[in-house]
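K.L.:
These are the residues of each chain, in order.
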Amino acid sequence: MAEAPKQEFWRWTESNWKNPDLDWKDARHITVGIDVGSVSSQAVIMADGKILAYSNLRTGSDSANSARKALKYARDATDMPEDRLDYCIGTGYGRVNVPFADRAITEIACHARGAIFIYGPGVGTVLDVGGQDIKAIQCDEKGKVSNFLMNDKCAAGTGRGMEVFADLLGVPIDEVGDRSFEYLGEEPSAVSSTCVVYAKSEATGLRRQGWSKEAVLAAYCKAMAERIYSLVERLGVNPELAVTGGMAKNRGVMERLMSMIGIERMKTDWDTQIAGAVGAALFGYALCQKGKGRKK
Amino acid sequence: MQAAGISRDDIARIYGTGSGENAVSIVAATVNDIRAMAKGGHYYYPKARTVVDVGAEEGRAAKLDAKGNPVDFAINEKCAAGAGAFIEAMAWALEVSIEEMGALSLEANNKIPMNAQCVVFAESEVVGLIHSKTSKADISKAIHDSMASRIASMIRRIGVNADVVMIGGVACNPGFVAAMKRELKIDNIYIPDDPEYGAAVGAAVAAAEEG
Chain P
52 MAEAPKQEFW RWTESNWKNP DLDWKDARHI TVGIDVGSVS SQAVIMADGK
102 ILAYSNLRTG SDSANSARKA LKYARDATDM PEDRLDYCIG TGYGRVNVPF
152 ADRAITEIAC HARGAIFIYG PGVGTVLDVG GQDIKAIQCD EKGKVSNFLM
202 NDKCAAGTGR GMEVFADLLG VPIDEVGDRS FEYLGEEPSA VSSTCVVYAK
252 SEATGLRRQG WSKEAVLAAY CKAMAERIYS LVERLGVNPE LAVTGGMAKN
302 RGVMERLMSM IGIERMKTDW DTQIAGAVGA ALFGYALCQK GKGRKK
Chain V
11 MQAAGISRDD IARIYGTGSG ENAVSIVAAT VNDIRAMAKG GHYYYPKART
61 VVDVGAEEGR AAKLDAKGNP VDFAINEKCA AGAGAFIEAM AWALEVSIEE
111 MGALSLEANN KIPMNAQCVV FAESEVVGLI HSKTSKADIS KAIHDSMASR
161 IASMIRRIGV NADVVMIGGV ACNPGFVAAM KRELKIDNIY IPDDPEYGAA
211 VGAAVAAAEE G
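For the protein sequence lines, the chains are P and V, in the order given. Just so we're aligned, residue 52 is where the first sequence starts under our numbering, counting upward by one. Just so we're aligned, residue 11 is where the second sequence starts under our numbering, counting upward by one.
Simulated from the structure, these hints should not be mistaken for lab results. Backbone N, C-alpha and C define an ideal beta-carbon position, used for all residues, glycine too. Hints are not guaranteed to be accurate.
Stated by the list, open to error - On the chain P side, residues computed to face chain V include the following (Cβ under 10 Å): (1) Ser-112; (2) Gln-183; (3) Thr-209; (4) Val-247.
What the hints assert, rightly or not - Cross-link-like lysine-lysine pairs, in silico, DSSO-like; alpha carbons within 27 Å at most: (5) P:Lys-204 - V:Lys-143; (6) P:Lys-273 - V:Lys-88; (7) P:Lys-101 - P:Lys-341; (8) V:Lys-88 - P:Lys-264; (9) P:Lys-204 - V:Lys-121; (10) V:Lys-143 - P:Lys-120.
My request is simple: use the sequences and hints to build the entire structure.
P.N.:
Take a look at the structure:
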């Protein structure tokens, strides 16, 4: 009998989406933003500055290929031919490896602009907690960046760190947030907030002492929140706060973080992982409007 | 005691050191980690004025006076990338044993960069390098170089004195020792036969001195 494949607890759901109220045939400018992150990649297709379709999938070992797959997956949701695309901007860690991009723009600028789009006006600070980095960005109402801080050296507090933990404890990553609140007693003394490797060995020790998975998750979510808080605290928060990236979906970390900061975060119905790609597509749209699009 | 052919009554004092020092019920007193490594390094190599101790989860360096007393030290206990855990995780990603990886690194032909510092990110980077058909020897060398550059920058915080002795389990790895020599630009680093006993030897020396 074949052995069942090992369950991959870190694996989150890849998705694509098409706006039912928009038709690409009516649009003047179709622009694309591709955010190739170290862990996940997104493609956002915009019709005259409105989201027509998007995709969100895991980055493979080859950035160029991941960019192609993301665009195809987003376009699959529509019936639009590929040559209809007017302008494409790449962003994120792998932005220079997007073979079909007309231009690359840093993810700091794209996240600020994209966050304002998906959260609406009023954003003063954007906190992007991605797969391999944490960025805190202060911006004005147009998304112009005034200051930012970034940690891209260390997995503590990042999505990748959370994936490692989900796998270690055997808890599907989408359930981590809820399960961390199921433990109501006093949490075990905090696991390391500075190093995922130390946190792993501490968590293994706690499990051996008989602590439940939920209790260890509570301690780890708190440690992650502390790590993110230390970056946010250094920059300072201008209300209001918009959180982007995959970690925004983890309420175990987010609710603990917000109680440390002492404010509520803004709310959105959009997928928080697409912010960077949205910003990139918007930059492309602005260029097309100014007549600075692709020369045909 | 069995190996030495002695009994408990022959032992005058037992000192403990290390992160589990307080969990050892038989100890009369504890010696702090820095003092233990300094005494251990000095015992093996009295000329040494710099002792480096790289263990599984911590890295330390101490500057010594002529009697083996520590006069300055630096320590990394915040990040596993500056400790043996880094090498262990990379060997796992490379699917070789730590012993094999140390030997492989000495056969490398090319110098390739490692961008990631964090253990977690470096694991992905190593997997990426394997996919791009980089030789395991070159990857092994890059792993040891990147670790050595972090340990060296820790040593530089207290200043490098030419006579260096290295203890701790990671000193058993010839690939890492070679990388440290390149990084510190020195020809010789003294490694005792059983470097992992370095701190325990130091605790014993301290127990003898204080008797």
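K.L.:
Would you mind marking each hint as holding or not holding in the structure?
P.N.:
Evaluated hints:
At about 5 Å, the closest approach between the beta carbon of Ser-112 (chain P) and any beta carbon in chain V falls short of 10 Å, and the interface hint on this residue holds. Among the interface hints, the one on Gln-183 (chain P) holds; its C-beta lies about 6 Å from the nearest C-beta in chain V, closer than the 10 Å criterion. Taking 10 Å as the C-beta contact cut-off toward chain V, the hint placing Thr-209 (chain P) at the interface holds, the least distance being around 8 Å. A hinted interface residue such as Val-247 (chain P) counts as satisfied when its beta carbon comes closer than 10 Å to some beta carbon of chain V; here the least separation is about 5 Å, so the hint holds.
Simply put, Lys-204 (chain P) and Lys-143 (chain V) have alpha-carbon atoms about 25 Å apart, close enough for the 27 Å limit, and the pair holds. Pair hint Lys-273 (chain P) plus Lys-88 (chain V) holds up; C-alpha atoms about 17 Å apart against a cutoff of 27 Å. For the suggested pair Lys-101 (chain P) and Lys-341 (chain P), the alpha carbons sit about 17 Å apart, so the restraint of at most 27 Å is met. Straight-line distance between C-alpha atoms of Lys-88 (chain V) and Lys-264 (chain P) comes to about 24 Å, which keeps the hinted pair within the 27 Å bound.
The suggested pairing of Lys-204 (chain P) with Lys-121 (chain V) holds, with an alpha-carbon distance near 22 Å, which does not exceed 27 Å. For the hint pairing Lys-143 (chain V) with Lys-120 (chain P), the CA-to-CA distance comes to about 23 Å; that is within 27 Å, so the pair holds.
Hint violations for this structure: none, all hints satisfied.
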